[in-house]
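Novice: One-letter residues, chain by chain:
Number of protein chains: 2
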Amino acid sequence: MRVTYGLRRAAMLRRNQVAFIDSSERRTWGELLERVQRSAGALQNLGLGDGDFVAILMHNNMTYGELNYSVAWAGGVIVPLNTRLAAPEIVFQLNDAGCKAIVVDDSFVPMLDEIKANSDALKHVIYVGSAEPPEGAHEYESLVSAAEPVADADRSYEDLMSIFYTGGTTGRAKGVMLSHTNVVSNALNGLNALQYASGDVYLHVAPMFHLADAGTTFSVTMGGGQHAFIPGFEPEATLKAIQDFNVTHVILVPTMINMVINHPAVKQYDLSSLKVVIYGASPIPEAVLQKAMDTLPCDFIQGYGMTESAQLVTILPSEDHKHPPGSKESVRLKSCGQPIINTEVQIVDENDSLVPTGEVGEVCFRGPNVMQGYLNMPEASAEALKDGWMHSGDVGYMDDDGYLYLVDRAKDMIISGGENIYSTEVETAIYSHPAVLEAAVVGIPHPEWGEAVHAVVVLKPDQDVSVDELIAHCKTQIAGYKTPKSITFESEPLPKSGAGKILKRDLRKPYWEDEDRQVN
Amino acid sequence: MRVTYGLRRAAMLRRNQVAFIDSSERRTWGELLERVQRSAGALQNLGLGDGDFVAILMHNNMTYGELNYSVAWAGGVIVPLNTRLAAPEIVFQLNDAGCKAIVVDDSFVPMLDEIKANSDALKHVIYVGSAEPPEGAHEYESLVSAAEPVADADRSYEDLMSIFYTGGTTGRAKGVMLSHTNVVSNALNGLNALQYASGDVYLHVAPMFHLADAGTTFSVTMGGGQHAFIPGFEPEATLKAIQDFNVTHVILVPTMINMVINHPAVKQYDLSSLKVVIYGASPIPEAVLQKAMDTLPCDFIQGYGMTESAQLVTILPSEDHKHPPGSKESVRLKSCGQPIINTEVQIVDENDSLVPTGEVGEVCFRGPNVMQGYLNMPEASAEALKDGWMHSGDVGYMDDDGYLYLVDRAKDMIISGGENIYSTEVETAIYSHPAVLEAAVVGIPHPEWGEAVHAVVVLKPDQDVSVDELIAHCKTQIAGYKTPKSITFESEPLPKSGAGKILKRDLRKPYWEDEDRQVN
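Chains as they are written, first to last, in our numbering: chain A, 1 to 520; chain B, 1 to 520.
For the record, the hints were derived by calculation from the structure and aren't laboratory data. Where hints are given, some of them may not hold.
Unchecked claim - So the derived list for chain A, only partly shown, Cβ under 7 Å to chain B, looks like this:
hint : residue
1    : Tyr5
2    : Leu13
3    : Leu188
4    : Met222
5    : Glu344
6    : Val348
Built from N, CA and C at the ideal position, the CB exists for glycine as well.
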C-alpha cells in the first residue's frame with residue numbers, strides 16, 4: 001500500500017473535518033487533498049517526480065506535513081534533513097541522495113549559498129515563508145497557486161517513499177531507504193498500539209525530520225486523527241499548544257517530559273484533553289514518571305524503535321506504567337516493552353544463533369516495516385540485514401513475557417535530549433584537529449539531557465590546544481548538538497583491549513557510578 | 001508477515017491466557033503453541049510440508065483452528081473445503097489443488113471411499129474424532145502425540161498460505177490463492193475495524209471453511225482475543241454458546257440474525273457479554289435490524305468482502321446503525337459501508353475508467369490483501385486482476401462520503417423492458433411486509449419484456465398474505481415496473497450457501513431450463 005491512499009481515504013471519509021491546524025490556520029481533509037494535488041502539480045512543473053529526491057530542511061510546520069504527501073503524490077522520494085546539522089553534513093546528504101530540490105524555511109536561508117555551491121545534483125531551491133524569496137529560489141505558495149491539481153502518481157508499494165539519514169557507526173551518515181510498504185506497515189503497527197481515532201489530535205512537536213514523528217504522521221491520518229503543528233519543542237509553547245488545540249496525543253522524550261512537568265507555568269494550562277504521552281529514546285526514570293503521572297492527566301506509552309524499522313519495534317503499554325513500585329511487574333518500566341503487532345524481535349549471539357530467554361545478545365527484528373537497506377551502501381546493508389533480520393546493534397535480552405530490556409548500545413551511541421549521537425562521528429571531528437593523538441567520546445550523565453557528549457583526548461607530544469579551541473574546531477565539522485560539552489585531556493595512552501580497541505566502558509565508569517541508572 | 005507469527009507473539013505475550021475453548025476443553029496460548037509445533041511435526045512426519053496442499057473437510061472445531069496454524073507452521077498450504085459440497089465437487093477441488101492429504105471428521109467418513117477412489121494426488125487421510133479411524137486413515141491425536149515439536153517452517157511473506165474455493169461465475173469452482181501477506185493484511189484491516197482485545201471472545205459459528213470466519217481467526221489471535229468453537233449454526237446452540245463462553249464478537253448473516261432473534265427461547269439466555277454482531281453477505285433489512293437492536297444488547301457492524309479480498313473490503317460501522325429512521329444518514333444502512341483501512345475501492349465502467357461519484361459501475365478494489373490469482377486459471381486471473389485491481393463483478397456506486405452501495409451482483413440484475421431492475425431493491429420492499437420471513441427476487445423469462453420480476457417468499461409461521469396483497473404492498477414502496485409480476489410461496493426455508501447467501505441460481509433454474517438463453 002502507498003502512503004497517499006491514507007490521505008485519499010481520509011478525504012473521502014472525513015472531507016469536512018479538520019486535518020491540519022496551527023496557530024494561524026486550519027485545513028480540512030478535503031482542502032488538504034486539493035492542496036496536495038496542487039503541490040504535487042507544482043513539483044511536477046519543476047520536473048520533479050518519478051523517483052526524484054526532494055530534501056526538506058525546515059522546522060515543523062503545516063507545509064512539512066503537506067510535503068509528506070505531495071512529494072509521494074508527485075512520484076518523488078522525500079528526504080527530511082536534520083535541522084541541526086552543519087552545512088557540510090547537509091551537503092553530504094544532498095549529494096549522497098542526489099537530491100534535485102531542497103525545500104527550506106527562513107531559518108536555513110543563510111546556509112543556502114554554501115549548500116548550492118557544493119550540491120551537484122541540486123536544481124531547485126523552494127522557499128517556504130513570507131519574506132522575499134532568496135535569489136534563484138521558487139516561492140512555494142506561488143508555485144502551488146499556479147499549479148493544476150494532478151493525479152496520484154500511484155507509486156508501487158515497493159517503491160521508495162523516503163530516505164531518512166541516520167548517524168553512522170562508520171563515521172558517515174547512512175541513508176535509510178524506506179518503501180511505501182515499510183512506512184504504511186509501521187503506520188498500521190502504531191495505529192494498533194495507539195488507536196488514533198476520529199477526534200484525536202496529535203501534536204507535531206517532536207522534530208518532523210525524525211521517524212518518531214514522521215512515522216506517526218501516517219498513523220494519525222490513517223486512524224482519522226487531526227494534526228496540530230508547532231515549530232519545535234519549547235516547554236511553555238508545548239503546554240499552550242496542548243491547551244489551544246485540545247491535543248490528545250504527543251510524543252516527547254523523557255528529558256522533554258521532565259522540562260514540561262517542572263515548568264513554573266504548568267498549572268496555568270488546561271491539559272485535560274491529553275490522552276497519551278508517547279515517549280521514547282530511553283526508559284523514563286521512575287521519579288520523572290511519578291511526577292509526570294501526578295501532573296499530566298493521561299496515559300504514558302513507551303515506544304522503542306529506530307530509523308531502520310520505519311519507527312517502532314516494541315511498545316511498553318500504559319498498563320505497565322501503573323504497577324505498584326516494588327511489585328514484580330514494576331521492573332517492566334526499565335524495559336522498552338513488547339514486540340509491536342506485526343514485527344518480530346529476537347536476540348542472537350555473535351554467530352547469529354538465538355540465545356535462550358533472559359540471556360543477553362544483539363537485538364534483531366524483522367517485518368514488513370524493515371528498511372530496504374542503506375542508500376549507496378550495499379555492504380553496510382548486507383551486514384545489517386541478514387535473512388530479512390535487521391541487526392540493530394543494540395544489546396539486550398527478552399524475558400518470558402516478551403519484554404525487551406536494553407543493556408547497552410553496541411554501536412556506541414549517545415542519546416542526548418532525544419538525539420542519537422554516534423561517537424565515531426564526533427571522534428572523526430576531533431581527530432581532524434592536528435594536535436590530537438587519541439580521542440574517545442562517551443556519554444556521561446546530564447540532569448536535563450539524559451546524557452551529554454564527553455571526550456577524552458590525548459594530545460601529540462609537544463602539541464597544545466585548549467578545550468574551547470577543540471570544541472570550536474568540532475563545530476565547523478559537525479552539528480552543534482554533537483560536539484563535546486566537556487573534554488578531559490589525559491597524558492597517558494587510553495586504556496585498550498587486547499585487540500587494541502579503546503575500552504570506553506572504563507572511561508564511562510567513573511561518571512556513572514553514582515547514578516541510579518543503567519550504564520549505557 | 002506470516003500467519004504463524006501471530007500465534008508465536010500471542011504465546012509470548014499471553015502464555016497463560018485461554019486461546020481456544022469449546023464445550024469440553026480449553027487451551028492456553030502456551031498449550032496451543034506447543035500443540036501446533038507437534039501437529040506440524042506430525043504433518044512433516046507424513047512427508048507433508050514445503051508448499052504441500054492439505055485439505056480440511058470438517059465442521060467447526062478446535063482442531064480446525066489448530067490446523068489453521070499448524071499446516072502453515074509445517075510449511076504447507078491449507079485448503080478448507082465447503083462442507084455442503086457433493087463428493088464430485090470435493091474431488092474436483094482436491095484434484096485441482098493436487099492435495100496430498102485430507103483431514104476429515106466423522107460427518108465425512110461416508111464420502112471417503114468415493115473421494116479416495118478419484119483423487120489422484122491424495123496420499124493421506126487424517127481422521128479427527130473419537131471413533132475407530134476409517135481403514136487406511138491416520139488418527140490425528142495419535143499422530144500429534146507421537147510427534148516432536150518442530151520449528152516454524154518460516155514461509156516467506158509471499159508464499160501461499162491457503163486456497164479457498166469460491167463458487168464460479170464460470171461454472172467451475174475457482175481456487176483463490178492467498179499469500180501470508182494477503183491473510184495478515186486482512187487480519188490487520190479487520191483488527192482496525194473491530195479491535196479485538198484481550199478478554200474478547202469470538203465465537204466460531206460461521207463456517208470455518210469460509211473466509212468470513214477464517215479471516216477473522218487471524219485478527220482475533222493478533223488482537224489478543226479468545227476463540228470459542230461450536231460445530232455450526234443452529235439458533236439455540238448459538239444463544240447457549242454466547243452465554244456459556246461469554247462471547248463478545250460473533251459473525252452472523254442477516255438470515256441467521258433473523259432466526260436468532262425470532263427464536264422462542266431467546267429471552268432465556270444471558271447475552272449480556274455480546275459487544276458486536278458482525279454481519280455480511282447482504283445489507284440488513286431495516287425491520288430485522290430494529291428487532292435485532294431491541295433484542296441483542298450490542299453493536300452491529302456490517303462487513304462486505306469476498307474470498308478474493310481475503311475477507312473484507314468495506315465496513316459499515318456501528319454508528320451508522322443508529323441514525324434516526326428518516327434522517328439523511330439513515331440511508332447508509334442500505335450501503336455496505338466505507339473502504340476498510342488499507343484497501344482501496346473504486347467504481348469503473350466497462351472500459352475500466354473511473355465513473356463519477358454516485359454513478360453505477362463495477363466495484364473494484366486493491367490492496368495487500370488482494371489474492372494472488374485463481375489456481376491453475378491464468379486467464380480468469382488476468383481478467384479479474386488488472387493493474388492490481390480486483391474486478392469484483394458486483395455492481396454499485398459510491399457516495400460523496402465513501403459509502404459503497406451495491407445495487408446488485410453483476411449476475412443478479414434483472415432487465416425487463418429495457419429497464420435495469422436490481423433485485424435487492426425489490427426484496428427490501430417485500431421484507432417490509434410484516435408477514436414475510438424470507439424473500440428472494442429473480443428474473444424469469446417473459447415473452448414480452450425479456451425478463452419478468454419474480455419473487456419467492458417464505459412467510460412467518462401463522463402469518464398469511466395473498467399474492468395480490470403483497471404486490472399491492474410493494475407498489476406502495478417501489479415503482480410499478482420493479483414490483484414482482486408473480487410470487488410463489490414456499491413453506492421450506494430458501495436454499496442457501498454455506499455462507500448463508502440465498503442460492504438464487506437454484507431458484508431461477510426451473511424457469512430457464514426450457515429457454516435457449518443464458519441463465520442469468
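Novice: Output the numbers, in ascending order, of every earlier hint that fails for this structure.
Specialist: Violated hint: only 6; rest satisfied.
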